[in-house]
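**Student:** With the hints as constraints, model all of the structure from the sequences given.
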Amino acid sequence: MTRQPEIRHRLSVGLSLLFAVVLACLLSASLVAREPEPDPAAGGGLMLRGKGVEEAMPAMRLGTDISAKISGQTARVTVTQAFRNTSDTWMEATYLYPLPEDGAVDSLRMVVGQRIFIGKIKTREEARETYEKAKAEGRKAGLVEQARANMFRNTIANVGPGETVLVQIEFQAPVRQLGGDYALRLPLVVGPRYVPPHTLSDGKAVADAQDVTAPLAHPKLGNGLNPVTITVELAPGFQPEGITSPYHKIMVQKMAGNSRMVTLAKGETPANRDFELRWSAPGKAPAFALFKQRFNGLDYVMAALTPPSAGPVGNVPPREMIFVIDNSGSMGGESIRAAKASLLYALGTLRPQDRFNIIRFDDTMTVLFEEAVPATPDQVDFAKRYTQGLDADGGTEMLPALEAALSDRRPHDATAIRQVIFLTDGNLSNEREMMEVLNSSLGRSRVFMVGIGSAPNNYLMNRMAETGRGTYTNISHDSEVDAEMRKLLDRLSAPVASDLKVSVDGTNVEFAPRVLPDLYAGEPLVLLARSKELKGKITVSGTLGGKAWSQTLRLQDASSSDAVARLWANRRIADLEAQRWANEIDDSVADAAIEELGLDFHIVTRRTSLIAEDDTPSRPEGATLTREELPLLLPAGWDFDALFNNQGVHDAKAAAEGQAELEQAMELPDTATGFVALLLRGLALLGLGFGSLAVLRRRRGKRA
Amino acid sequence: MSALALRLPQVGGRASWRALLPRLFALLLVVAGLVQFGQGLWIPVKAQVAQVLLDRSFSASMDAGAPLKPWPWADMQPVARITATRLDVSDVVLSGASGQAMAFGPTEVLDNGSVRILAAHRDTHFRFMRDLRVGDELVLQGINGVKHRYRVTHFQTVRWDGFAYPVSPDRELLALATCYPFDAVEPGPLRRVAWAELVE
Chain A
1 MTRQPEIRHR LSVGLSLLFA VVLACLLSAS LVAREPEPDP AAGGGLMLRG
51 KGVEEAMPAM RLGTDISAKI SGQTARVTVT QAFRNTSDTW MEATYLYPLP
101 EDGAVDSLRM VVGQRIFIGK IKTREEARET YEKAKAEGRK AGLVEQARAN
151 MFRNTIANVG PGETVLVQIE FQAPVRQLGG DYALRLPLVV GPRYVPPHTL
201 SDGKAVADAQ DVTAPLAHPK LGNGLNPVTI TVELAPGFQP EGITSPYHKI
251 MVQKMAGNSR MVTLAKGETP ANRDFELRWS APGKAPAFAL FKQRFNGLDY
301 VMAALTPPSA GPVGNVPPRE MIFVIDNSGS MGGESIRAAK ASLLYALGTL
351 RPQDRFNIIR FDDTMTVLFE EAVPATPDQV DFAKRYTQGL DADGGTEMLP
401 ALEAALSDRR PHDATAIRQV IFLTDGNLSN EREMMEVLNS SLGRSRVFMV
451 GIGSAPNNYL MNRMAETGRG TYTNISHDSE VDAEMRKLLD RLSAPVASDL
501 KVSVDGTNVE FAPRVLPDLY AGEPLVLLAR SKELKGKITV SGTLGGKAWS
551 QTLRLQDASS SDAVARLWAN RRIADLEAQR WANEIDDSVA DAAIEELGLD
601 FHIVTRRTSL IAEDDTPSRP EGATLTREEL PLLLPAGWDF DALFNNQGVH
651 DAKAAAEGQA ELEQAMELPD TATGFVALLL RGLALLGLGF GSLAVLRRRR
701 GKRA
Chain B
705 MSALALRLPQ VGGRASWRAL LPRLFALLLV VAGLVQFGQG LWIPVKAQVA
755 QVLLDRSFSA SMDAGAPLKP WPWADMQPVA RITATRLDVS DVVLSGASGQ
805 AMAFGPTEVL DNGSVRILAA HRDTHFRFMR DLRVGDELVL QGINGVKHRY
855 RVTHFQTVRW DGFAYPVSPD RELLALATCY PFDAVEPGPL RRVAWAELVE
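First to last, the sequence lines map onto chains A and B.
So the first sequence is residues 1 to 704, counted in this note's numbering.
So the second sequence is residues 705 to 904, counted in this note's numbering.
Calculated directly from the structure, the hints in this document are not laboratory data.
Heads up, a few of these hints could be off.
Stated by the list, open to error - Ranges of calculated distance between the beta carbons of each label pair, as one might list FRET restraints: (1) R855(B) to T229(A): 36 to 46 Å; (2) W746(B) to E667(A): 22 to 32 Å; (3) S440(A) to V871(B): 28 to 38 Å; (4) L344(A) to L894(B): 41 to 51 Å; (5) V871(B) to S588(A): 25 to 35 Å; (6) R128(A) to G817(B): 21 to 31 Å; (7) G846(B) to E667(A): 23 to 33 Å.
Unchecked claim - Over the 10 Å line for every Cβ pair with chain A, so calculated as not near, a few chain B residues: (8) W775; (9) E841; (10) V843.
Claimed, not checked - Listing some non-contacts, in silico: residues in chain B with all C-beta distances to chain A over 10 Å: (11) Q755; (12) L757; (13) A764; (14) P776; (15) W777; (16) V793; (17) S794; (18) S799; (19) D815; (20) K851.
In this text, all values refer to a predicted model and were calculated from it rather than measured experimentally.
Note that beta-carbon positions come from the ideal geometry of N, C-alpha and C, so glycine has one too.
**Tutor:** Dropping the structure here:
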């Protein structure tokens with residue numbers, strides 16, 4: 001019996017251990033449950049819900065007709081939007097649409113039946129007020145506002161049941177020239193923009209985000225929404241050759257003289273990708289073009305001249321190339337394939353003496369190498385494998401990627417050229433932040449934009465390329481990758497015309513752009529100027545491949561064009577924006593100057609809008625007005641799922657509402673008493689207690 | 705329990721302590737179990753009983769036209785009565801979102817004129833939320849007697865710190881919030897929110 005106390009001792013130790021374990025479990029269980037892990041994605045404060053996806057056909061149907069007249073270096077474009085109310089209620093409709101970012105909208109007509117109302121230019125607030133007043137009084141009104149230089153919004157009030165109202169705007173745009181090739185690009189849809197949450201700092205920022213976003217038509221609604229017809233009258237002043245449209249099938253008709261009439265082969269097209277028309281000049285490209293206009297007592301002139309191509313350089317000095325690739329959700333589908341193919345192509349052209357790095361971003365960012373590495377076969381192979389593995393997903397937080405790309409370890413190294421190449425669609429709303437960073441930290445880097453996809457943000461691309469002293473190339477389709485990338489990389493290694501200066505003998509002239517760009521092979525310098533009286537000669541000088549170069553144009557050779565003054569005003573506005581981004585002028589100064597230009601030249605700017613109103617009411621008193629924002633088609637080649645997994649819409653109801661809403665975050669209280677857990681724990685403890693007592697008792701019973 | 709306690713071994717010294725220890729632990733377990741069980745039982749009982757008292761004070765408040773305290777030492781007042789018509793459930797809603805008040809009834813955590821948010825425990829007053837469906841009618845009656853009718857439009861599952869309400873909705877909204885999942889035993893980070901729109 002000597003072993004008895006031993007056993008009992010062990011038993012007691014065991015039981016107390018068990019008790020301690022049970023107690024510890026209970027305590028820790030409740031601790032864990034009360035302290036949920038912080039959710040890194042959860043933000044406080046204000047949030048913006050996307051405007052979501054429209055799954056039903058809108059009550060207001062829209063058809064657009066675009067008619068462009070190209071004469072020489074400029075295009076006059078008329079856009080007619082027919083709003084047809086298919087419902088039996090009175091409607092107000094708003095439609096977000098893109099225009100070329102260098103276009104100047106100067107005319108608005110609203111057509112109701114036989115009556116035409118001519119639009120007037122007013123300051124943004126005044127125009128808004130006029131519109132709201134007409135709307136409240138039941139009168140028809142049409143309003144054209146600018147959301148971005150390449151993004152406009154038409155709003156139209158009091159369209160009766162079954163009624164159709166036409167809104168017609170006109171704008172002037174320059175023709176793009178590269179070597180002997182010319183192009184006019186007409187964007188047809190605004191790609192869904194990513195609004196970085198940190199930019200939603202106040203009510204004004206939220207209103208701006210509302211302005212640049214629209215609900216998206218669900219793919220199941222098909223491509224029948226918002227059809228567009230396009231007619232281009234091409235009179236370039238020479239016999240045009242090789243007239244093509246890379247993204248749409250066209251029909252070309254010969255007209256009198258050198259003119260051509262271009263229409264869509266299918267009659268109409270869904271508004272889901274940019275339209276581009278290209279043509280070229282026969283033989284040698286003209287070295288310059290010069291146009292002038294007298295407007296309100298001042299002389300305006302536009303000059304386009306191309307520096308001669310300076311034969312290929314024997315040895316391209318070693319380069320540091322930073323590739324930045326966007327793999328956000330908006331790149332899903334064709335775009336990411338094109339971006340990856342472009343990057344792989346560029347990686348294949350690196351030489352061992354070059355250094356390189358890759359930065360990829362969505363709402364997160366990865367910098368492949370800590371710093372740029374020599375392009376040895378091993379490193380290049382590694383980078384290629386990395387590129388092949390990229391998937392498109394998440395938001396478009398481009399700012400950190402830009403900052404990382406511009407961070408230069410050797411800012412004063414003159415032996416190597418530093419080139420940053422962006423592959424993105426630029427579909428974001430914080431253009432201003434991007435431009436501010438680019439302005440302040442460009443250093444010796446040069447920024448080259450490769451716009452990917454069927455509806456890229458050309459405004460951001462062009463402005464970044466200009467400020468970054470690089471170029472902009474668009475790749476709308478995988479099939480263009482090789483040709484366009486080869487052209488871009490050739491341009492990158494060819495000599496650059498730099499240190500450009502312009503002067504006019506005799507008179508004092510304001511030139512735009514204010515900072516002359518660097519010109520890559522074949523690129524023209526487009527100058528706009530105004531003065532009290534323009535005469536004498538314009539001289540442009542600079543260095544080309546290390547040698548001095550200059551060219552002189554006689555102003556008396558200029559031909560007349562009534563587009564020049566407005567193009568000058570528009571270019572001047574771009575300069576004011578650039579000065580604002582560079583913090584050279586205050587916001588208020590820039591706004592005031594832009595407003596003045598808008599009013600003087602009768603053009604729509606961020607500060608001025610066009611408004612047309614009927615003077616008699618048409619909506620009967622008491623009839624309610626229903627507001628609708630027209631949904632936009634998903635740009636061609638975009639992947640709906642990749643976009644909506646992560647950009648904006650998380651919640652089906654928010655999507656169905658089709659309205660962006662301002663929300664206030666709130667923490668929800670703890671709402672579980674957990675009494676069932678208490679009951680269960682109580683029962684468990686009771687069971688354990690009674691169980692061990694029973695065991696102890698049986699043991700005693702046996703001994704006795 | 706007394707019967708168990710009487711059977712202590714009759715041996716003295718160290719040995720007697722050794723004999724005593726296991727039994728003492730077993731007894732402690734039993735006591736702890738009883739306490740927990742009692743606490744657990746007290747919660748739903750308190751929730752039920754409080755509603756009876758609150759019901760009376762809500763009626764009295766309606767008569768008086770001003771909120772009255774349900775019992776003298778209460779630090780909250782009845783402000784409304786929420787009814788889920790189809791489920792035939794009705795609770796008196798209290799002001800203030802303290803855990804204290806929530807033991808007795810649903811509490812109003814927000815009323816900004818256009819959005820009202822009520823919160824209650826998933827295992828007591830808002831247990832009915834697991835049976836709530838889109839289209840159900842919710843009636844909120846204030847102490848002024850006016851009944852507001854809402855229709856459930858959608859549900860939402862969010863983290864406790866990931867919730868947001870619209871600042872200026874087109875129609876007045878009512879949200880009921882409780883913990884989720886409904887049959888979880890321990891409290892967790894997820895919340896279930898039912899959204900309802902005012903019906904004119």
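**Student:** Does each hint fit the structure? Answer for all of them.
**Tutor:** Hints and how they fare:
no.: 1; hint: R855(B) to T229(A): 36 to 46 Å; in the structure: holds, 44 Å
no.: 2; hint: W746(B) to E667(A): 22 to 32 Å; in the structure: holds, 28 Å
no.: 3; hint: S440(A) to V871(B): 28 to 38 Å; in the structure: holds, 35 Å
no.: 4; hint: L344(A) to L894(B): 41 to 51 Å; in the structure: holds, 43 Å
no.: 5; hint: V871(B) to S588(A): 25 to 35 Å; in the structure: holds, 28 Å
no.: 6; hint: R128(A) to G817(B): 21 to 31 Å; in the structure: holds, 27 Å
no.: 7; hint: G846(B) to E667(A): 23 to 33 Å; in the structure: holds, 26 Å
no.: 8; hint: W775; in the structure: holds, 20 Å
no.: 9; hint: E841; in the structure: holds, 19 Å
no.: 10; hint: V843; in the structure: holds, 21 Å
no.: 11; hint: Q755; in the structure: holds, 14 Å
no.: 12; hint: L757; in the structure: holds, 18 Å
no.: 13; hint: A764; in the structure: holds, 27 Å
no.: 14; hint: P776; in the structure: holds, 25 Å
no.: 15; hint: W777; in the structure: holds, 21 Å
no.: 16; hint: V793; in the structure: holds, 16 Å
no.: 17; hint: S794; in the structure: holds, 19 Å
no.: 18; hint: S799; in the structure: holds, 14 Å
no.: 19; hint: D815; in the structure: holds, 12 Å
no.: 20; hint: K851; in the structure: holds, 25 Å
Consistency note: the structure conflicts with none of the earlier hints.
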